[in-house]
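**Q** As a plain string of letters, each chain reads:
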Amino acid sequence: MSFDERYYNLGRLDRLSFRDTPVHRLDPRVKVSATMLFLITVVSFPKYEIAALVPFFLFPVLLLTLGEIPFGFILRKVLFVSPFVVLVGIFNPILDSRTVVLSGIPFSAGWLSFGSILIKSSLTVSAALLLVATTSFPGVCHALRRLGFPAIFVSQLLFLYRYLFVLAEEAMRIARARDLRSSGSSGTGIGVFARLVGVLFLRTVDRAERVFQAMLSRGFEGDIPSLKRSRVAAGDWAFLAATLVFLAVFRLFPVSEGIGSYVQGRFG
Amino acid sequence: MSHHLIEFKDVHFRYPDGTEALRGIDFRITHGESIGVVGANGSGKSTLILHMNGCLMPTSGTVTIGDLQLNARTRREVRKKVGIIFQDPDDQLFMPTVFDDVAFGPLNLGMEEAQVRPRVEEALRTVHSLDLQNKPPHHLSLGQKSAVAIASVMAMAPDILAMDEPAANLDPRSRRSLIQLLKGFSHSKIIASHDLDLILDVCGRCLVIGEGRVVADGPSMEILANRTLLEENGLELPLSLQRR
Chain V
1 MSFDERYYNL GRLDRLSFRD TPVHRLDPRV KVSATMLFLI TVVSFPKYEI
51 AALVPFFLFP VLLLTLGEIP FGFILRKVLF VSPFVVLVGI FNPILDSRTV
101 VLSGIPFSAG WLSFGSILIK SSLTVSAALL LVATTSFPGV CHALRRLGFP
151 AIFVSQLLFL YRYLFVLAEE AMRIARARDL RSSGSSGTGI GVFARLVGVL
201 FLRTVDRAER VFQAMLSRGF EGDIPSLKRS RVAAGDWAFL AATLVFLAVF
251 RLFPVSEGIG SYVQGRFG
Chain R
1001 MSHHLIEFKD VHFRYPDGTE ALRGIDFRIT HGESIGVVGA NGSGKSTLIL
1051 HMNGCLMPTS GTVTIGDLQL NARTRREVRK KVGIIFQDPD DQLFMPTVFD
1101 DVAFGPLNLG MEEAQVRPRV EEALRTVHSL DLQNKPPHHL SLGQKSAVAI
1151 ASVMAMAPDI LAMDEPAANL DPRSRRSLIQ LLKGFSHSKI IASHDLDLIL
1201 DVCGRCLVIG EGRVVADGPS MEILANRTLL EENGLELPLS LQRR
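Chains V and R, in that order, give the protein sequences.
Mapping of the first sequence onto the working numbering: position 165 corresponds to residue 165, and the numbering continues sequentially without gaps.
Mapping of the second sequence onto the working numbering: position 133 corresponds to residue 1133, and the numbering continues sequentially without gaps.
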């Protein structure tokens, strides 16, 4: 894939947020709060837990389906960050070689905790991605601001996002100019690459400076204003309440075990 | 009215790398006047425009806008009076959607939503771009971006408009409608451009800048018809004044 195509892919997550589905229509603050609660709940499970985590996939799957977000797209993004997770967890099977017995079957404790890490990371990463895909990054930022996060923190996030495109655009121009003059062979050695990165940095700093001047010219004083005075409606409260009940039930009661023993009792 | 007055007195500016961009600029613009600033590349036009609202501060000399002398304390007030339209619209548009971008200025002025929405829509309608309001700026064509950049400044209802090469990215038709638009504004205008025909159409008075100084100042019809003066400053006669 060429750099140009990669760049245009960058905006894909954003474009998904322009859709109009029940999930997109929820108040951003509600979605941010629900996602945060979800993340905290998932992370709060002990390190050998697997069975109790599985039902939590219901949350991202529901958002995905109701929000009409393509599954493959989210899956690819989750796989994309998985190497970091694998790197973090891969030493568990080596360092932790005890055996634990779960419902009569012995498991290696290390592999169990590794599996748990993988599940937790897929849950948290997909939930965060879905939040952005159904709310848009600026939407999330404004929601954070209105939930009481400090202005400076939220502005930093918004700038990070805006300048990501500035940086990518500059990089695209440089890469195009280089490719046009390197007769087909993309890249002309690490030496050229290193200098290009230097130039990219300087150009981006200049660009960022000019964008900042433009913001100051239009009265920017450290806080990004937002027009959307949306109100939390009954449907939003219902969504938040449903999420809370869902999280509480699956966190506090061993639901999967219950279903398992019910099924065993019925057919076993 | 004195509050649209612009006065530069012996303004010098040196960039941090040592380049002396302005070496003693002097001029005075009264209410409602339209002034063209012309000159070769690197003569200091853009630097001059950036002094209009304190994006750059003079190394020495004074800039006065209305009854305010530009300094770090008055800068914020001055920015409400002077709207700058930058050369590269990409530098000007930074919000996620066109609507948000045009609303950014008015919201920063502390307006309420009920006031902001009609103002944004009116500004966008003025530049014939109302249908772009929900698009992200980085997906627009350059001409569309220029139009939106102008709207984003117009929405703040400034007294004075300062523009740096407003027509550089526009196709002939958009350029023509920009000229009509500018003629319709009652603001004091200061326009830096290489498009001498545009200056001739819009501005009654014209400054020629060379090596950071004002080389000539007078009625556009006189200055822009002076072939020697223009050629000395890296310019040539406007197309409409050239005889073949």
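Keep in mind the hints are simulated off the structure, nothing from the lab.
Treat each hint with caution, since some may be false.
Said to hold, decoys possible - Lysine to aspartate or glutamate pairs mimicking DMTMM-like chemistry, simulated, CA-CA at most 20 Å apart: (1) R:Lys1080 / V:Asp223; (2) R:Lys1080 / R:Glu1020; (3) R:Lys1081 / V:Glu221; (4) R:Lys1135 / V:Asp14.
As the list claims (entries may be wrong) - Just the calculated beta-carbon pair ranges, DEER-fashion: (5) V:Asp206 / R:Ser1141: 46 to 56 Å; (6) R:Ser1141 / V:Pro254: 57 to 67 Å; (7) R:Arg1023 / V:Val205: 45 to 55 Å; (8) R:Glu1113 / V:Phe57: 37 to 47 Å; (9) V:Asp20 / R:Ser1141: 49 to 59 Å; (10) V:Phe212 / R:His1012: 35 to 45 Å; (11) R:Ser1141 / V:Phe149: 34 to 44 Å.
Said to hold, decoys possible - Which chain R residues face chain V? A few, computed with CB under 8 Å, are given here: (12) Cys1055; (13) Pro1058; (14) Phe1185.
Note that beta-carbon positions come from the ideal geometry of N, C-alpha and C, so glycine has one too.
**Q** Run the structure past the numbered hints and jot down the numbers of the failing ones, going up.
**A** The structure conflicts with hints 2, 5, 7, 9, 10, 13, 14, although it agrees with all the remaining ones.
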